[in-house]
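Generate coordinates for the entire structure from the input sequences, incorporating the hints supplied.
There are 2 protein chains.
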Amino acid sequence: MKKELEKITPLEVDFAKWYTDVVKNGNLMAYGPTKGTIVFKPNSYGIWEIIQQELNKIFRQKGVQNVYLPLLIPERLFNLEKEHIEGFNPELATVTKVGDRDLNEKLFIRPTSEVLFADLFKNSIESYNDLPLIYNQWCSVMRWEKTTNPFLRTREFLWQEGHTCHSDPMEARKFTRTMISTYAKFLQKYLAIPTIVGKKTPHEKFAGACSTYTIEAMMKDGKALQAGTSHYLAQNFSKPYQITFKNKNNQLENVYQTSWGVTTRLLGAIIMTHGDNRGIIIPPRVAPVQVDILELFANKEPKVKEVSKQIYDQLSKKFRVRVDASDKTVGFKASNSEIQGVPLRIEVGPRDLANNQVTLVRRDTLEKIAIDINDVKKTVTMLLNNIHDNLYSAAKERLDSRTVLVKNYDEFKEKIAQNYFVIAPFCCGSEAEERIKEETGASTRCIPKNMDKPGKDVECIFESCDTKTARYVVFAKAY
Amino acid sequence: MKKELEKITPLEVDFAKWYTDVVKNGNLMAYGPTKGTIVFKPNSYGIWEIIQQELNKIFRQKGVQNVYLPLLIPERLFNLEKEHIEGFNPELATVTKVGDRDLNEKLFIRPTSEVLFADLFKNSIESYNDLPLIYNQWCSVMRWEKTTNPFLRTREFLWQEGHTCHSDPMEARKFTRTMISTYAKFLQKYLAIPTIVGKKTPHEKFAGACSTYTIEAMMKDGKALQAGTSHYLAQNFSKPYQITFKNKNNQLENVYQTSWGVTTRLLGAIIMTHGDNRGIIIPPRVAPVQVDILELFANKEPKVKEVSKQIYDQLSKKFRVRVDASDKTVGFKASNSEIQGVPLRIEVGPRDLANNQVTLVRRDTLEKIAIDINDVKKTVTMLLNNIHDNLYSAAKERLDSRTVLVKNYDEFKEKIAQNYFVIAPFCCGSEAEERIKEETGASTRCIPKNMDKPGKDVECIFESCDTKTARYVVFAKAY
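The listed protein sequences correspond, in order, to chains A and B. The numbering of the first sequence is the numbering used here, which starts it at 1279 and goes up by one. The numbering of the second sequence is the numbering used here, which starts it at 1279 and goes up by one.
Just so you know, not all the hints are guaranteed correct.
Identical chains share a label here; the pair holds if one copy fits it or two copies do between them.
In the SDA-like style, the derived pairs of lysine to any residue whose C-alpha atoms are separated by at most 20 Å in a straight line are [to be verified]:
(1) K1595 x I1336
(2) K1611 x S1405
(3) K1360 x D1378
(4) K1375 x L1355
(5) K1384 x T1374
(6) K1360 x A1512
(7) K1375 x R1354
(8) K1715 x E1353
(9) K1335 x R1598
(10) K1335 x R1600
(11) K1501 x N1427
(12) K1483 x Q1438
(13) K1384 x E1369
(14) K1581 x R1598
Simulated from the structure, these hints should not be mistaken for lab results. Only a predicted model underlies this, so the values are computations on that prediction, with no experimental measurement involved.
Quick look at the structure:
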């Protein structure tokens, strides 16, 4: 490898530069040969694989079945749902040729697969007995974004997209909400990321959806990152795509649909929620390597290798463990483990061994803990949980302390300028929303779910707006 | 679902029609909206997911690290390796537009990723200390084939592609062979498919490779299916793409490379190796559902649900188990389990329960076995292994009995016409190979690895060829 331990710009100095420095290191990514694309290297792809495994387990309990649908969407199929087309058209990578031959019809690389699932569902459902039908796929999608940023916004990204059909609109609405709270719990439990759960305003909802739910996370610079969405599609696709079922009265009816997804943006969210000036810190439950064992001065003390092996055998049944037995310096080994964000490392060296001890070093606090070699397994189990809890608490405290309810538009502008999450009564009009964005850089993140309402007939925060509202909305600058 | 229990054409009557009938049933696939593409439905995608899991475990032990590289290859990058381009050019799906805008450069959807990995490796390797570098990715690739057939040859398919760099050509050659025998063992142990391992002739090798190894399986109609390949690329890519490392003498040298892959063709191989006139039979170790529990007349006897639950709880810790508690008829439930190829089903009904028994039905032999309900777990464990062994033995016996060594070209033609695998001394000349294919429909499958050689200076089997040869080659009609 190229020397990986390059200098990382301190995040206090330049957050954007810090982020770029972090992602270029730690075996996380490389730029792809097409602008706006990246290579997911082993350390980032490893996190994604664990996210897949854990989400698959959760999905299975909800009756989700995994499938794989084609990459390409013929133009005629895409053009049936108007709002959907308008939302995606400018970003569609389009296949027009094979070899030297021109194709008769344009083929779009999927930006999302609603219309492909619609085409499949159309021929898969007969009666209410076949419903609900709950499919999911893991794949890559393409959206030709103008401005890109590794993991956060790339022209090709990886995701899962769930698509369901229901016989009953209430059941479908409920499933939409179930999935968004599933994501919120997943981010808390596995990624140590707290989020605000809520509904998107009409202006921010998914092109083609009736309503969109979102989880919004706060990055270390105070900006928001949309970390997962769940859409209630109603019959918006099932009508133009003619997805019908026979209901209990033996009448043909269009199905009610949902779709929901999380993407490799989550890797960016992990970095910007937990990372520090030494690089990424990976939450233990999704870390490809949970524990690094560093052999120190093994050439001088044969017991080092012996104890390292013994610890590896003990831990590797339960944890993902790696051994660094190279002849690099102690400092290099430690930095290498740190820059890759491995949550815990165990230093096995002659001095500690003389006391029958090894040293554990936490990646989050950098605290060093000398323990008896017989206590390793017990201590590692405890520390990995502690690290998770500590990462979550720090992120939660930041989210809570940097989310404020404002009284007027001046205060709104002031807090947005300081990168706060701002809660304010808002009319949810698209024009007001666009003008606020122009004036402050903030967009609406969501109408939060678990929050008291302002009461009826409160004035909208936007100063030029006369509309009364009964809703609080969260605003922030966002990735 | 549409009624799935459609009639399947007997395989003895029309093998091709039988195959089409099988794949359209059993929740295996649907045709995609673009010609030549398919949807992998839960039962086929489920097999693929288990293949992924099991191969990942095996790969990890060989030091493989998973990554994900971009879908698109810019034209300038693709055009550096001449043989590779010529092999793939006519089949390349090409992105020329985004939205309404024309791109400056054509972008090809990857038909394979040698050149993308080359571009990554170029910037990832400094010295011999960084080698070997062993990467793998799971993704979809696209090759615009003229004739397509579900799973066997589709314009988009799923696969894994491993790519490695080595400092030493011998080590790289050895790794190439290691991977092909890894695949052979995997097919035997997990898919119950025996194969012939060997080397491709120059005419059949991968475009860009120095040598290609293959595993060749025999389908129930006697035709061959190439089930996995491993290529020694030598420096064919590392030279044009300038992938260098500093060797132990501190001199810059080009790396030695390999690549290797298996695809969703394996799903077709499973069907055509084990399937019967009731549909697919899935080998137990890769079956998404290993055991179906059918509740029979549960409305008449409350004990049915109780025992079904008890069996489910016992088995589901160790096996992938599904319960059919629907109110469908006994016959429908049984056929439904059979057409989906579930290796074993347990029928829980009042009559058996009166004797404290349940009935186990094997999908391979259709044998019914009444057993005491206390013996279920033990018997299921044994039977699933038996089913695997039985499927493998039947396939192995077919492969052995239908592979013949021929003495002259007349016998060659006769045996090929009967869909045998034919072993013959062959000069390995490309022209002779093409003419044999024109005359008989057979292509060379491989120069087999574990087979006695004919001795030096034997005549080539092709009657118009005067060349002497010391090699046996396997010929067959192939998918």
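Could you check the structure against the hints above and give me the numbers of any it violates, in ascending order?
-> Of the numbered hints, 8, 14 do not hold.
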